[in-house]
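Colleague: Each chain, letter by letter, is given below.
4 protein chains.
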Amino acid sequence: MSVLLEFSMTPIGKGESVSKYVSRSLEIIDRSGLEYKLNPMGTVIEGEWDEVFEVVKKCFRRMQKDCGRISISIKADYRKGKGGRITAKVASIEKKLKKELKK
Amino acid sequence: MSVLLEFSMTPIGKGESVSKYVSRSLEIIDRSGLEYKLNPMGTVIEGEWDEVFEVVKKCFRRMQKDCGRISISIKADYRKGKGGRITAKVASIEKKLKKELKK
Amino acid sequence: MSVLLEFSMTPIGKGESVSKYVSRSLEIIDRSGLEYKLNPMGTVIEGEWDEVFEVVKKCFRRMQKDCGRISISIKADYRKGKGGRITAKVASIEKKLKKELKK
Amino acid sequence: MSVLLEFSMTPIGKGESVSKYVSRSLEIIDRSGLEYKLNPMGTVIEGEWDEVFEVVKKCFRRMQKDCGRISISIKADYRKGKGGRITAKVASIEKKLKKELKK
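Residue numbers (our numbering), protein chains in the order written: chain L, 1 to 103; chain R, 1 to 103; chain H, 1 to 103; chain U, 1 to 103.
Check each hint, because a few of them may be wrong.
Derived contacts from chain R toward chain L, CB cut-off under 10 Å, selection only [stated by the list, open to error]: (1) 1; (2) 61; (3) 94; (4) 96; (5) 101.
Simulated coverage check for chain L against chain H, where a stretch passes if three residues somewhere in it have a Cβ under 8 Å from a Cβ of chain H [stated by the list, open to error]: (6) 1-13; (7) 65-74.
Think about it this way: if two alpha-carbon atoms lie no more than 20 Å apart in a straight line, the pair counts; the simulated DMTMM-like pairs of lysine to aspartate or glutamate are [said to hold, decoys possible]: (8) L:57 with U:51; (9) U:58 with U:16; (10) U:57 with U:100; (11) L:102 with R:30; (12) L:96 with R:16; (13) L:103 with R:27; (14) R:57 with R:30; (15) H:65 with R:50; (16) R:57 with R:35.
None of these hints come from the bench; they were simulated from the model. All C-beta atoms, glycine included, are put in the ideal place defined by N, C-alpha and C.
The shape of chain L in the complex, shown without the other chains:
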């Protein structure tokens, strides 16, 4: 539970609208059993290193089946011994500002 990973995976050359392909990734993420949060620019998942990268790989293998070029962006934040950060990080900012922010 020590890694927060955000990623987005986009086929290049499949037209401007790619939600058909992104939907399949979300199906895989939703079934993975890991905690996740979808946002307009990517999906954040939380788990151990191998767990989160396994989910990314599964999404890639699925997209690879019918996409000849794929662009992937990943940002990870490891913090030793800290779990639950998928909710705690935002809560910590709100606490500091003493107000609720848009999520």
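Add chains R, H and U to chain L, keeping to what the hints say.
Modeller: Positioned in the frame of chain L, the structure of chains R, H and U alone reads:
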């Protein structure tokens, strides 16, 4: 309203906990008047090119005051003539999957 | 000279081969007068905040002319009072390892 | 040889100068046997999916030994059946522009 921009801005060399610095950025974003959504790995804002980059610059100028090294990650998605994507992109995925996802 | 910025800018929906569009960006970068280094995944430029973001914006304005959707990835590293890092960072790693690395 | 992956890995909370930690990653990359190119903002490696992510993981395991927080940025570009892109992509841009660019 044609640019969705996600960014995170982190001081390097200010210890492992940086929420004090991140809070100030959120204060600036919240006051900017632009639509935004905070997630555990960054903040997504929506606006025209100059508007969204102005917000990023304001956050930088504030952080620069007391941070000697700053790491910034930005991902932008431009789509001609499309506004409201800060909510529409996620809705489009949910519609395709015919279920609600975690956000 | 205190900001190192790496970026890539890719049209979505213009096919798998996008070098025609990327070439135009490099033309703009090459003429900008800023120090730059092209690599297989992006271009690193060095300058002050406003200078480097002006170059990114020029590339965007050019690409926007005939691309309906554009994906942009930017990573910036600010360090107070440090110029010449476009060559110094790599040199520092090589010095530590006492060997030449592939560039 | 179908994946180009650029990554950077930075300890948070180890001061402003992190070249000591980055050097260790380069040692691992240099010994991996994969083609790579170091630039001022990250390192590009080329290989199959499992190969390139194995290198990233090795760098992480090493850094994890003495760093409590680590920030990782990864960008990957998959293209079916295309190897040698670690040199071919830049060459293709130069060919289009009919001039040599700074690398």
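Colleague: So, for every hint listed, does it hold in this structure?
Modeller: Each hint, compared with the structure:
no., hint, result
1, 1, "violated (13 Å)"
2, 61, "violated (19 Å)"
3, 94, "holds (9 Å)"
4, 96, "holds (4 Å)"
5, 101, "holds (5 Å)"
6, 1-13, "holds (count 3)"
7, 65-74, "holds (count 4)"
8, L:57 with U:51, "holds (12 Å)"
9, U:58 with U:16, "violated (23 Å)"
10, U:57 with U:100, "violated (35 Å)"
11, L:102 with R:30, "holds (8 Å)"
12, L:96 with R:16, "holds (16 Å)"
13, L:103 with R:27, "holds (14 Å)"
14, R:57 with R:30, "holds (14 Å)"
15, H:65 with R:50, "holds (17 Å)"
16, R:57 with R:35, "holds (17 Å)"
Hints 1, 2, 9, 10 from the list above are not met by this structure, while the remaining hints are.
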